[in-house]
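Those sequence lines, one after another, are chains H, E and R. Per my numbering, the first sequence starts with residue 379, numbered consecutively. Per my numbering, the second sequence starts with residue -16, numbered consecutively. Per my numbering, the third sequence starts with residue 3, numbered consecutively.
Check before you lean on any hint, since a few could be wrong.
Stated by the list, open to error - Sample of chain E residues at the chain H side, in silico, Cβ under 7 angstroms:
id, residue
1, G(-13)
2, T6
3, A24
4, V55
5, T56
6, G60
7, V63
8, S69
Bear in mind the hints are in silico, worked out from the structure with no lab data behind them. We put the beta carbon where it would ideally sit given N, CA and C, even for glycine.
Chain residues, written in single-letter form:
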Amino acid sequence: MSGLFFFVAALGAIAGAIGVVTLRNSFYAVLALVGHLLSLAALFLLLRAQFVAAAQVIVYAGAVMVLYVFVVSYVSEGPFQSTPGAVTGGARVLAYLFAACLAAELMVAMLGNGLEAINSKGAQYDPGFGNPAEIGKLLLTKFLFPFEVASFLLLIAAVGAVVLARRRGGGIDPTDRPVLSVMDMVRDERLGSMAESVHAQPAVGATAPAGLESGERPNEEGGW
Amino acid sequence: MNIGWYLAVSALIFTIGAAGVMTRRNPLVVLLCLELMLNAANLALIAFSRMWGNSDGQIFAIIVMVVAACEVTVGLGVIVAMARRSVPIDVDELRELQG
Amino acid sequence: MQTTSWLILAFPLAGAIINGLGFRALKGRAPGIVGTVAIGAAFISAVLTLIKLQDLSPEHRGALFVGWDYAKTVGVDAKVSILVDPLSVYMALVVTGVSTLIHLYSVTYMTSDRGYARFFAYLNFFVFSMLVLVLAGNFFLLVVGWAFVGAASYLLISFWYRRTTATRAGIKAFVINVVGDIGIVLGTYFLFRNTHTLDFIGTFRQAGTIPHGDLTAGLILLLVGAFAKSAQVPLHTWLPDAMEGPTPVSALIHAATMVTAGVYLIARMWPLFEHSAAAADVGTIVGALTLLIAATIGLVVTDLKRVIAYSTMSQIGYMIMAVSAGAYAAGLFHLMTHAFFKALLFMAAGSIIGAMAGEQNLDKMSGFRRAMPFTFGCFVVGGLALAGVPPFSGFFSKDEIIAVMGQRGGWHWVLFVVGYIGTFLTAVYTWRMIFRAFFGEPVAEAAELEHGHLHHAEQHTNPANGEVEDTDVGFPGPDHHIAEWSVPMRAAMGILAVGAIGLGFLQLPFNGTNVVDKFLEPSFRGSKYFGSLHPTDSLTTIGLIVGAVLSLAGIALAYRIWVVKPGTSTAIRERLSGVHRFLVNKWYFDELIDLVVVRPFAWFGRFGQQTFERIFVQGALVDGTSGVVRAGSATVRALQSGLVRAYASLLVLGAVAVGLYFLLQS
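Isolated chain H, as found in the complex (with noise of 0.2 angstroms):
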């Protein structure tokens, strides 16, 4: 039975692999993820790892790949909107080539070593094997560390997020409706930290360095 299952569930897990690379529509894409996530649970469950598949399923395939879901419905036009497909030609030839000596590789290194445990199908495990209770302990006692950086890790990419997302402060942006605040009263609406910073506009008194037309970036072309 639990052969069926793995067969089952392995399978589902490649299939979405492989909608995930080829499928053009990129909701299309996500949703061929979030099948492979819950496969991937399955096969976590099989492997007796219940807390982890619990949280594969309520983290990634729930939280994460909202996510996913809500930037794709905003960076994309239209469900049918030709957002860039897969390359074409040679460098796809070269591609797959390089994935399947990557496989190939793989393989070798799997099958041809001498563990022997991987014949089969586990060693003893306690009782507890894979419980929460389980893991809340390992992580409270031997790996307190590492899941205070995790927390932090969590924190710092929050800010991030935030930071990277917002709106500039001054930037003046096109599709915004015009929105009064005191601020703008007394601020230079040319301000702004990082409107200088990407040439957009030069700071205020500032003329703009001598032998460029306005609005060229200097030193635009690299080499030296």
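Dock chains E and R against the given chain H, drawing on the hints supplied.
Then chains E and R, alone, in the frame of chain H:
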């Protein structure tokens, strides 16, 4: 099933993910393929954890999931910022770090 | 004696430094007075040294004073040491004595020149260098003095540095002098190789042990240096051009002192020369050749100062011939008398050039006899001394040289004849100059001067090529001075005239008075020629008579050609136009040197720059290495395409490669 089968699946998903990273031009899909590779690694970790009877691998997998979530957050934030500035959402067009 | 000898060197150096650094504080004629006093003090120190030297017994009449040890390394011990013996004191006296008078002359002659202080600083520096040269006790200080004198000569020839003719002449002089310097240094090397000492006394003591090849090679190289400094053929071409300098410079450097350095060198090295007959003969023959060549050119040049320059060259030829052949006392005696009458001639030339407001061409001078009596008198005295008319000094010194040549016998009889031909030619060209400038119809400037008005040129021009100049720094000053109106000039010229007349009595023939001989004898102890080459009485008598007759005949011939029948010279020139052209072009030496030396070097330099430098050094080495680096980095740069996919592919490829490596390893 033997642990080896799980590892084989993991390897296969990993390479499919690698192929996707090298082939797709939409940065969103590239990130998705990156997720594929991370999940393949997770599968391998869980399989080995089962092999040794040790929960350390599962903890590792959880942390990997956390990291993947953070990375996705920041990456998608960048893509949103790009879309806001009307920068083309095409990996091939974003090549200013050349030379 | 040690103090006074070092003071001889210290005073001119102090004068140079005071004038050179303090020129802003010294106003008016003060730099001139400082300079003259400095050299005067040096002369007094030389006289004091002489007195103290004569107090020593003849066997020990010489002292070596070591200043300090400059360098002592790899077997070379270079001390700063001066050798005070009769020869060096003799030279020091001549140098300082004549220099004092020339400084006195320049005090008024160079007034109104904006570079007045600079002039005296350079002049003092020159005297200092010359004294270093003659007082040197080892080859090291000799070379130092040699080089400094060359540098001072360059500074003074190009004194009017905004004149291109002057700067070019300075460069020419310096380059030829440097060729001589190379000769001196290489010659020193050849000698040092065998003697392992730079000291003169040490070297002379080992003179017999130096292998003949090295000795001759070293001496011939030293002779190259002597010829360059003393303007002998073929390194003589710089001397006529050096007349671009102010007249006092010509008087001091190119008549009395610097050009005699070669004579001093050969005389000082007498122990070495007496061991190598080949080198001595080279010196003798070159001296004789120069004597003739210079005399023939002097017959046709039209620039007043250049006539006197060629006569200098010729007389130095006499001296070199003498000291190379062993007539040391005669040669050095002629050096002294020549210094006096040649400086006198140059000073008088300066006076008449001043009357002509800077014009130096003989063609434009005529009839100054009534307008400038004093200058005319000085010219006559100097001319008689130069031509060798008894009882003037030149007669005795020149005839003694020629007589000793005869005394040596053998092939030196040719030189005997050559010497007398030179005497005749000397008389002719000297009096040509005097008759042309002072006899005949007075030119406009002379007429002006007779009425008491010194001619002023409205527009100052370069006398050589007519370029217009101003009178600011770097060009001659606006005023010109003549002896008749200037007391210091008259004083200096007067003293020199007295010397030109009377110095002959220091060394009368037939063992009359042998002051020079006896004085120099301690320096030449051990020489096989010094004491033994006394001309027999009959030879002396014949020599004196022939000499006097030839010089008077020369004067008479010149009188006939240039005074009695004024058109004669033109007629002769037309008849012998080929010869004339050959002589006017100075025997084509300049062209020869240009062809043999200058052009190959220029070609080599151009080849170096265009071919070797451009293709090999720049192209292959510099651009090659940077090109290789640039190509390599371009290749690497191509990997930075900016395509994320490419990077990802490379990543996977790298992972594949690493995995393959580990797989194969296990």
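If you check each hint against the structure, which ones fail? 3, 8
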